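These are the residues of each chain, in order.
2 protein chains.
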Amino acid sequence: MDDRQLLESIRDLIGRTETSDDCAAFPLDNGKKILVSTTDMLHETTDFPKGMTEWQMGWMSVAVSLSDVASCGAQPTQILVAAGLDRAERLKPIMEGAVACAKACDAKIAGGDIDSHTELTIVTTAFGVVDKEYYCTRSGAQPGDLVCVTGRPGAAQAGLDGYSGYWENLVMPKPQVFTGQRIAHSGATAMMDVSDGLAISLYDMSEASGVGFDLRENHLPLLPIADAKRYFLYGGGDYGLLFTIPQEKFVKMDVPVSVIGEVVEGDGVRMGDEQVEKRGYAHHID
Amino acid sequence: MDDRQLLESIRDLIGRTETSDDCAAFPLDNGKKILVSTTDMLHETTDFPKGMTEWQMGWMSVAVSLSDVASCGAQPTQILVAAGLDRAERLKPIMEGAVACAKACDAKIAGGDIDSHTELTIVTTAFGVVDKEYYCTRSGAQPGDLVCVTGRPGAAQAGLDGYSGYWENLVMPKPQVFTGQRIAHSGATAMMDVSDGLAISLYDMSEASGVGFDLRENHLPLLPIADAKRYFLYGGGDYGLLFTIPQEKFVKMDVPVSVIGEVVEGDGVRMGDEQVEKRGYAHHID
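Going down the list, the protein sequences come from chains V and Y. Take any residue in the first sequence, count from 1 to its spot, add 13: that is its number in this note's numbering. Take any residue in the second sequence, count from 1 to its spot, add 13: that is its number in this note's numbering.
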């Protein structure tokens, strides 16, 4: 069973809204603002490729949570870090990397928990605040909207597979915090990050919004490597943003993004005549 | 090195305030309210005694974080649960216990993360909101204040050591959420929970407040077991609240608490002529 199927098994217990977006939402200031929050567990054997430094592990741990905050269009405020350590001396460089990533996004490490653990395990929780009118979720994409991404999906996977020029994309993902806010202010109708891979993210957004996506094969920001389209669609570990936006609002945007298709009525994700496979990166749990 | 020493090693990096209280604080509504947040990592070999059910593990995981929220005088709002599972089928009963504990405190599981892990690892993050005037921390105790606790510190440790009548104190701790708010509204000057043991908590509060504590040996709510004083002072795993309050405010309180001593000038923790040992439960990290 993978983590998506497991999540399905507790949907009725926790609630459908609570298990649908990357962030939880809580109204502030009489509903004028929204506090978003998100938590992510990373551990050594599954999430930290061999060759990463502790500093990079700390950076990455914070980055994955800030990316979820970014995908709501929110400004991150505080981060909590729970560190389960197999060796005590790893804490300091991990926290230095964590602080560096938080600072780069104008956020702050505000607390945490320290524990011993057989396997290095880092759980970050990030909060952010966004004006209600700019709050983005996975639902809201409308037929006619353009489908866009930031960055170059597939780069982290390429780094993992030995393309050394993309190693940094893998181990030091840059959460798109400021870009996310610009996108939200420009009028995006739906947004999420592509950390599990672009194809599965498109399916998640398509299902949450009740629409289909038609991708334009000639417009994809592919990497100059073999099998580039496969990396683009199915590679995981990138923390770019996927969003939809009406055409008239898109033309006024001033952040660098790539248009990769458009929202259509119906469901599913197509590229030309082909159906895009519904698969991506998923944790497998026995 | 234990977790307290490790925390000391990153104090300069993270900040002294950020590493001093159980909860992080963030101002809301132009500073009229405070959002508190806290995160706790529990895992099977260290934190879940043999014989606990998954349901109880879920309950306890939420309870430890809600206890920190309670110690600020705050009403918990949302909880995030990151679950690292060694076996997929454990998720559902864990989440049922988590939901039950959240509901018992008028809070809500708002999201989380699911991961596979070699060892069952549960990280809970809880938020709460409190009016600024009632917000309690470990600092603020004033000479002349009474020192009080809720419940019977030592009961969880007794349960762990085979006193079966106290097993439930160990595996289903009750976060003192409503009592915590009543205490805060009554005018407590400092508050924290005693999860690491009463003695070490007294020292933590004494250092944060810059005062000493004199305990009254004849007033302690000891358990009717051998070595009761040792259990009372040094047992861990209870989630009662320790707080200080001026005498004139204490007399108007209507929640059941025990007065165990008073705040004095100076430092340290004494009982009669004896110094109380500065020790308690601590995670040891190699």
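Bear in mind the hints are in silico, worked out from the structure with no lab data behind them. Being a predicted model, the structure only gives us computed values, none of them experimental. Among the clues, some could well be false.
Note that the list lumps identical chains together, so a pair holds whenever it fits in one copy or between two copies.
Only pairs whose alpha carbons sit at most 25 Å apart, straight line, appear in this in silico PhoX-like list of lysine-lysine [claimed, not checked]:
hint	residue 1	residue 2
1	K46	K145
2	K242	K291
3	K262	K291
4	K45	K121
Hints violated by the structure (listed by number, smallest first) | Of the numbered hints given earlier, the structure breaks just one, which is hint 3.
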